[in-house]
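Q: Below, each chain spelled out in residue letters.
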Amino acid sequence: MIQRIRTIVAVGAATVLCAGLAACSSAAPSDGSTVVPGTPVTGGSLTVVIPDAIDGWDPATAMQVSTYQLIREVTAPLLELSPDGTEVVPGLAKSWSYDDSRTKLTLTLADGAAFSDGAPVTPADLVFSVEQWKAGANYGPLYSGIIKSAKASGDSSVVLTLTAPSSALVPILTWSTSAVLPADFGGKSKKEFFAKPVGAGPYAIESEQPGDSITLVRNQHFYAAGQPYLDKLTYRVVADTSQRLVQVASGDAGMADRVPLDSLGTVTGDPQIVKVPSSTISLLIFNHAAAPTSDAHFRRAVSLSIDRAGLISGVYAGDATVATGVLPAVVPGDEGCPTCDWSAFDAPAAKAEAGKSGYSGAPVELLVDSSRGVDLLAAQAIGPMLEAAGIATQIKQVDSATYLTKLAGGDYTMAIGNYAAMAPTPVDPLSFVAATGFLFSGADVTAAGTAIAAVSAAEGTTGQAAAVAPFEKDAYDTTAVAPLLSPAVAAVAGTSVHGLELLPSGLYDAARLWVAPAS
Amino acid sequence: MTGWARYVGWRLLQTAPLLLAVTLLVFLITKVTPGDPARIILGPRASEEAVAALSHQLGYDRSVLVQYATFLGNLVRGELGTSARTSQPVAEVIGSHLAPTLWLVAASVLLTALIAVPLAWTAATHRDGWLDHALRSASIVVLYLPTFWVGLVLIRFVALPTGWFPVAGFGEDPASRLRSVVLPAFALSLSLAPVIARSLRSSMVEVLDSEYVAAARASGISGARLFRWYVLRNSLSPAVSLLAVQAGFLLFGVVVLEATFDIHGLGSTLVTAAVGKDLLVIQAITLVFAVAVVAVNLVADVLQGALDPRVRPQ
Numbered sequence: 001m002i003q004r005i006r007t008i009v010a011v012g013a014a015t016v017l018c019a020g021l022a023a024c025s026s027a028a029p030s031d032g033s034t035v036v037p038g039t040p041v042t043g044g045s046l047t048v049v050i051p052d053a054i055d056g057w058d059p060a061t062a063m064q065v066s067t068y069q070l071i072r073e074v075t076a077p078l079l080e081l082s083p084d085g086t087e088v089v090p091g092l093a094k095s096w097s098y099d100d101s102r103t104k105l106t107l108t109l110a111d112g113a114a115f116s117d118g119a120p121v122t123p124a125d126l127v128f129s130v131e132q133w134k135a136g137a138n139y140g141p142l143y144s145g146i147i148k149s150a151k152a153s154g155d156s157s158v159v160l161t162l163t164a165p166s167s168a169l170v171p172i173l174t175w176s177t178s179a180v181l182p183a184d185f186g187g188k189s190k191k192e193f194f195a196k197p198v199g200a201g202p203y204a205i206e207s208e209q210p211g212d213s214i215t216l217v218r219n220q221h222f223y224a225a226g227q228p229y230l231d232k233l234t235y236r237v238v239a240d241t242s243q244r245l246v247q248v249a250s251g252d253a254g255m256a257d258r259v260p261l262d263s264l265g266t267v268t269g270d271p272q273i274v275k276v277p278s279s280t281i282s283l284l285i286f287n288h289a290a291a292p293t294s295d296a297h298f299r300r301a302v303s304l305s306i307d308r309a310g311l312i313s314g315v316y317a318g319d320a321t322v323a324t325g326v327l328p329a330v331v332p333g334d335e336g337c338p339t340c341d342w343s344a345f346d347a348p349a350a351k352a353e354a355g356k357s358g359y360s361g362a363p364v365e366l367l368v369d370s371s372r373g374v375d376l377l378a379a380q381a382i383g384p385m386l387e388a389a390g391i392a393t394q395i396k397q398v399d400s401a402t403y404l405t406k407l408a409g410g411d412y413t414m415a416i417g418n419y420a421a422m423a424p425t426p427v428d429p430l431s432f433v434a435a436t437g438f439l440f441s442g443a444d445v446t447a448a449g450t451a452i453a454a455v456s457a458a459e460g461t462t463g464q465a466a467a468v469a470p471f472e473k474d475a476y477d478t479t480a481v482a483p484l485l486s487p488a489v490a491a492v493a494g495t496s497v498h499g500l501e502l503l504p505s506g507l508y509d510a511a512r513l514w515v516a517p518a519s
Numbered sequence: 001m002t003g004w005a006r007y008v009g010w011r012l013l014q015t016a017p018l019l020l021a022v023t024l025l026v027f028l029i030t031k032v033t034p035g036d037p038a039r040i041i042l043g044p045r046a047s048e049e050a051v052a053a054l055s056h057q058l059g060y061d062r063s064v065l066v067q068y069a070t071f072l073g074n075l076v077r078g079e080l081g082t083s084a085r086t087s088q089p090v091a092e093v094i095g096s097h098l099a100p101t102l103w104l105v106a107a108s109v110l111l112t113a114l115i116a117v118p119l120a121w122t123a124a125t126h127r128d129g130w131l132d133h134a135l136r137s138a139s140i141v142v143l144y145l146p147t148f149w150v151g152l153v154l155i156r157f158v159a160l161p162t163g164w165f166p167v168a169g170f171g172e173d174p175a176s177r178l179r180s181v182v183l184p185a186f187a188l189s190l191s192l193a194p195v196i197a198r199s200l201r202s203s204m205v206e207v208l209d210s211e212y213v214a215a216a217r218a219s220g221i222s223g224a225r226l227f228r229w230y231v232l233r234n235s236l237s238p239a240v241s242l243l244a245v246q247a248g249f250l251l252f253g254v255v256v257l258e259a260t261f262d263i264h265g266l267g268s269t270l271v272t273a274a275v276g277k278d279l280l281v282i283q284a285i286t287l288v289f290a291v292a293v294v295a296v297n298l299v300a301d302v303l304q305g306a307l308d309p310r311v312r313p314q
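Which chain is which? The protein sequence lines are A and B, in order. Residue numbers for the first sequence follow the working numbering, beginning at 1 and rising by one. Residue numbers for the second sequence follow the working numbering, beginning at 1 and rising by one.
None of these hints come from the bench; they were simulated from the model. C-beta: ideal position from N, C-alpha, C; glycine also.
Some residues of chain B that are not near chain A, with every Cβ distance over 10 angstroms (derived):
id: 1; residue: Arg11
id: 2; residue: Glu79
id: 3; residue: Gly81
id: 4; residue: Val288
id: 5; residue: Val296
Within a straight-line C-alpha distance of at most 25 angstroms, the following computed DMTMM-like cross-link-like pairs (lysine to aspartate or glutamate) qualify:
id: 6; chain 1: A; residue 1: Lys232; chain 2: B; residue 2: Glu172
id: 7; chain 1: A; residue 1: Lys94; chain 2: A; residue 2: Glu131
id: 8; chain 1: A; residue 1: Lys196; chain 2: B; residue 2: Glu172
id: 9; chain 1: A; residue 1: Lys188; chain 2: B; residue 2: Glu92
id: 10; chain 1: A; residue 1: Lys191; chain 2: B; residue 2: Glu49
id: 11; chain 1: B; residue 1: Lys31; chain 2: A; residue 2: Asp411
id: 12; chain 1: A; residue 1: Lys232; chain 2: B; residue 2: Asp173
id: 13; chain 1: A; residue 1: Lys196; chain 2: B; residue 2: Glu92
id: 14; chain 1: A; residue 1: Lys191; chain 2: B; residue 2: Glu92
id: 15; chain 1: A; residue 1: Lys190; chain 2: B; residue 2: Glu49
id: 16; chain 1: A; residue 1: Lys473; chain 2: A; residue 2: Glu335
id: 17; chain 1: A; residue 1: Lys134; chain 2: A; residue 2: Asp184
id: 18; chain 1: A; residue 1: Lys151; chain 2: A; residue 2: Asp184
id: 19; chain 1: A; residue 1: Lys134; chain 2: B; residue 2: Glu48
id: 20; chain 1: A; residue 1: Lys191; chain 2: B; residue 2: Glu79
id: 21; chain 1: A; residue 1: Lys134; chain 2: B; residue 2: Glu49
Computed spacing ranges between beta-carbons, pair by pair:
id: 22; chain 1: B; residue 1: Gln88; chain 2: A; residue 2: Ala291; range: 43 to 49 angstroms
id: 23; chain 1: A; residue 1: Asp270; chain 2: B; residue 2: Leu98; range: 36 to 42 angstroms
id: 24; chain 1: B; residue 1: Leu12; chain 2: A; residue 2: Pro141; range: 54 to 60 angstroms
id: 25; chain 1: A; residue 1: Ser207; chain 2: B; residue 2: Leu28; range: 35 to 41 angstroms
id: 26; chain 1: B; residue 1: Leu28; chain 2: A; residue 2: Glu206; range: 41 to 47 angstroms
id: 27; chain 1: B; residue 1: Asp61; chain 2: A; residue 2: Ala362; range: 31 to 37 angstroms
id: 28; chain 1: A; residue 1: Gly358; chain 2: B; residue 2: Val76; range: 55 to 61 angstroms
id: 29; chain 1: A; residue 1: Pro470; chain 2: B; residue 2: Leu24; range: 51 to 57 angstroms
id: 30; chain 1: A; residue 1: Thr161; chain 2: B; residue 2: Val76; range: 51 to 57 angstroms
Let the sequences and hints guide you as you build the complete structure.
A: Right under this line is the structure:
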């Protein structure tokens, strides 16, 4: 019923709402200077409406994208990403270098790096932070598998000793989970500290209404001179997409991030729609423990039945690209496998493969998360495609909680799923693939594990691509899952909002956001 | 002890098993609906071991009976537990989201009365005339308009173009809070007022035909005095009863409209908790709603007794 309420509200909004006004946010140069067009203006405030509440400030248990976004604004990671998300650039650490054996990584802190309470960031803080990363419940094993120990070196450096050479570590240091925390939580208990953490990110927490809103203010001690531009940044949780778009249209909010592609059609007026290719892969997941999807011929039949290009033009209005592999193509170091052709669409061949599988013709259940409207549309488009190959399907919509439980418990036959890479290294998506038992399909994860080790040991993106290729080839040969496409990621902002550069993960650097004063 | 006190005491006693039944029902519903809370809290990356450990920590691996008994025991001690998603005490969650819902409910009831009473009076005094027929027909049309749709129309055609009312949220001060609940309360009252108005009209027609009204008229009483002291007072009883019966519908409307207008009250918190399988929050808010419905019905009974001596307890 609750899910239905949301659906009804969303569908109703799509048919009723159509207005768009431009006003949003407030800004005035804090020094009273004349504004040069295109030049960032310091001062002002911005309200961003986000679809989900953060699940706490502890990076070790972060799960929601909103959490990743906000954590990095308060407790910044050691390193940052370039605006296109493909390169690691200096952040709190101004430089890094490996020794000859590539088992020691020396990181040097940025000049003037300080926490928002004014205390300088020291190597002791970094050593303490590394220990926290390694002890984390969700990501701890990943950090522990790479970092053996951390030791302060001089006044501004720390040396990380690795368990083995790893090309993955530096990209992973851009994660929100690689947050720099004050040593011993600044003298507080862990619980007290994470109730209102102090970090070295561009903003500090001013106030929080759990589950509702969070207000951040400029960190006066931020290491990057002149940034952040905004005085105040408020995040408000608004679950309903239509309502978020209305708030941007009315000027109640300046920006809505992670706007579903199927809702962009309801945006009118003149707000900016910022879209970039995402690091998300949308795919069909097969349960390898249940018939008929336990049969590789059947899985191949399904994959060959799907007109991915048609799906992109019909469902995604062209805002997606055909998947080239199980891992997102935008991740540097992943080039799929040269001999794999996931775009192959061949109904007669699909029919033949279905015949070889001994498929009885009984309808196959296709599980869809009903909160993702675009997935539901995709499922509705895929049904007739499979039907043409003689495969009957039955769409089963469930709420997000049920969807995840069913997937994790193997209580499904086929499902439409999505996952995204957050860091520019194939180890990131590979570790997710392995941790989820090859995306909940129950497929063998040996190749993924081997690929993680090989990518970590490889130098340069060419070497990493070669290390990933066997995994991609194995996934293709067995059709363990059927990658479909990689959709764009979008945000909608008022015309006065500037500096919004979306990363492929949908995150952005809020330190660069600024608002133009009203003319 | 007076008759009233005995009556209220007896009704309160009657509500105890009802509330117990509600807690059991809510508890069972949250148990039988699919979705593992521990998995949802930890996310897709978490191992089965971590999920099992959290389930154990939260007590979800115990028998349903033990879980229910623990829940009831905590409830009796006034401990509503902690939200599994935000780690906030559930009592705090309710406390911080109660005000918007109360404002919305109060404004809706007030607007319902302000719409229903004049409409009913107009229809009753123009009985079987074109105005009566038009009002009754219009009330049927309005009654079947989906509440969320009315809300969206109000956002589009009132809030956005005029800027008089916010499209979303709940203000910081009384004035801005009043502004923020006007449109959702109006949307909600449009779904309640037709029912109340029709009931009130029927009662008013009966009262207007009564001998005591004729006698009052004969003794020169008319206009506002006749309406207030003879017609309205004697017509209200069925409408009050009907409004109490509609309390459940009112709360359902609150859930829908809080979502439509992004008002972070108990209704929208319930939706968020349900999506995230935050069991303790779901149970607590549902219980609050149940208590509210029971309380409204109790107040309605008392009010009816005050309005109509025939239904007063002896």
